[in-house]
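J.: Letter by letter, the chains look like this.
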Amino acid sequence: MLKLNQIHKAFGSMKAVDGLTLEILEGEVFGLLGPNGAGKTTTVNIAVGLLAADEGTVEIGDGHSPLDAASRALIGVAPQALALYEELTGRENLAFFGRLQGLGGGALKSRVTSALDFVDLGDRAGDLVKKYSGGMKRRLNLACALIHDPPLILLDEPTAGVDPQSRNALYENIKALRAEGRTIIYTTHYMEEAQKLCDRVGIIDVGRLLALDSVEGLIDSHGGASALVVDGGDGEERIETDDPVAELTGLKSAGRLKSFRLDRPDLEQVFLNLTGRKLRD
Amino acid sequence: MRRIAALACKDLRLLQRDRVGFFFVFFFPLIYSVFFGAIFSGAGGGGMGAMKIALVDEDESDASQQFGRLLEESTEFDVTRSRRAEATDMVRRGDRSAYVVLPQGFQESVDRIFQAESIRIAIGVDPGRKAESAMIRGLLTQYAFRTLQDTLTDRLSMRRQAQSARARIEADDEIDPVTKTLLVRFMTEIDFLMAGLPGNEPAGVKNADGSGGDLAGLDGWNPVDIEVESVLKERIHPRSSYEITMPQAFVWLLLGCSAAFAVSLVMERTRGTLIRLKSAPITLAHILAGKALACFLATLGGLAVLFAIFRLAFSVRPDSYPLLLLALISAAVAFVGIMMLISVMGKTEASVGGIGWAFLLLMAMTGGGMIPLMFMPGWMKTVSDFSFVKWSVLAVEGAVWRGFSLAEMLAPCGILIGIGLVSFLVGVRVFKATAD
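Chains A and B, in that order, give the protein sequences.
Residue 920 is where the first sequence starts when you use my numbering, and the numbers rise one by one after that.
Residue 11 is where the second sequence starts when you use my numbering, and the numbers rise one by one after that.
For the record, the hints were derived by calculation from the structure and aren't laboratory data.
It is possible that some hints are incorrect.
As the list claims (entries may be wrong) - Computed list of lysine-lysine pairs in DSS-like fashion (alpha-carbon distance at most 27 Å, straight line): (1) B:Lys357 <-> A:Lys1049; (2) A:Lys1028 <-> A:Lys1094; (3) B:Lys357 <-> A:Lys934.
Based on the sequences and whatever the hints tell you, model everything.
T.: Structure (structure tokens):
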């Protein structure tokens, strides 16, 4: 669906993307993770044609460049910032962005209605956006990306700053989109979210792709060993082991086991293992 | 084009929904100009009082003097007596709206009313002043009727007319003898009748208000023959203070619109909507064209509304509507360009708003947006040449009261369009370079 081949992009002397190659498959939810300043936003902006690469090629669909205005109709973008006009109603926002996509008349009306229904905003469609809650704005932001029924959708931090109910509703929306066979590029800082929603995840840092696989594959290859957290009566002790059964048997026979739990590595562990624990401000 | 129209419509709707912005863009200029118009009233021109005319009495007869007195005593006219050449100059300079000539033979034409002759009057007026011309003709006809009525109710005048008519009939050899005898006898009897009446009493029954009774049967007969002479006016003064403040109102609206749209363009960036616009299948040129179109339409629409208000409420009347349209379009083009330039003067709404308004106010101060150009000292007028506001004011004034010809309008309008295009191109270039 989308191929990035040897992409380079620099802003002045700072390399934002450094020889990144990536293929996003049709119908998958692809998570792009990375610490602040890793080059995620630059990468996705290049991927959807908002930015031109200094070097390398991007192909969308049957080999079109996203820089070509017409091929951008294949992409729906829900930016991290709420790209909405607060002084317009939800319906007016959708109609406006629909017109920019070339829709008009009955087709536009019908798309607006179905997009509003999809994000469950039909009953508030006539209200000014400035009166919406944060979660409603996020949902409308998603609806605006879907107004022209694109096969490829970029969701940049779609759940930032929303309450659990709205987040859950957005998860359901994303699952529904995946079920419809759409390709989704998903960026987030919430590892749990990526683990729950993404078919494959790419982790980038300093403009380079560090790892790319399914969530399980990443955990297996970069998550490190599982850990036993054991309480023998004098506090908890963390023991990393590849064979927890043998370890537990030994502890029990030594009389040093009152309780235990098994900590399996997760995506966050993978992320930290790959990108380090140093703060990125 | 549909997409550009969609972008423009969106911006116009946003402007309309922003009540504070809408007030400052559209109502502040009006309040400003009405306020200063009221302060300056009396400094500019004559307002809506009596119409100033010059009266040229070439006949210097009883009848012409009587007619002249009628006009002088009227409330509709402010009459200055002069010779024809002076009167023409006064009209040309705009000191008088028109001149009225009572030509030689005026008395004779009044005396020959019974011979179906009309009272002859000439007026001189700028051909562009069709409404004024019609108004003067109507009023003169009204006063001529009054003269005629006075004549018919004047016993001596009636006898003079009857005797004059009898003498003409007697001298005319082409009338057959029987008719001649009858007509001579008829005129003699009228003369005899008038001689027998006491004093100068009315010859007939008047209406309750004391006017017009004898003339009730004269419908369809026009006793006045008014010849209109063209006098091209050299306008160098505004007619009223509102002709001075209207261009300033236009300027404030232009300033408000360009600042508002410049800030709205920055908001597209800062609020993230530019990302979504750029992700649509349109180019950056479409986005900027949509913004420019919205700014142009809002500006032109606002100017049209303001002009309508000044036209209806303050009777501001341009010398030339086509030239005014040219001036407004040129000014709108200039300020669309300035809007684009201002939008790249900063990165945030606050910085663009601050820098933009500082720049615009400087231009307004030096360009006649605050102090009218005509009241500026010489050195300031020179400085004002560097302000696009000055050229906007001058273009509008040229069409409204300076009496500019098309050739004279080309300079300010050309400069405005040039400023607009250069500013727009510079703004677009910087915007493109920084849009990523």
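J.: Run every hint past the structure and note whether it holds.
T.: Status of each hint after checking the structure:
A hinted pair counts as satisfied when its Cα atoms are at most 27 Å apart, and B:Lys357 with A:Lys1049 qualifies at roughly 23 Å. Between A:Lys1028 and A:Lys1094 the alpha-carbon distance is near 25 Å, which keeps this suggested pair within the 27 Å criterion. Of the pairs offered as hints, the one joining B:Lys357 and A:Lys934 holds, with about 23 Å between alpha carbons and a cut-off of 27 Å not exceeded.
No hint from the list above goes unmet by this structure.
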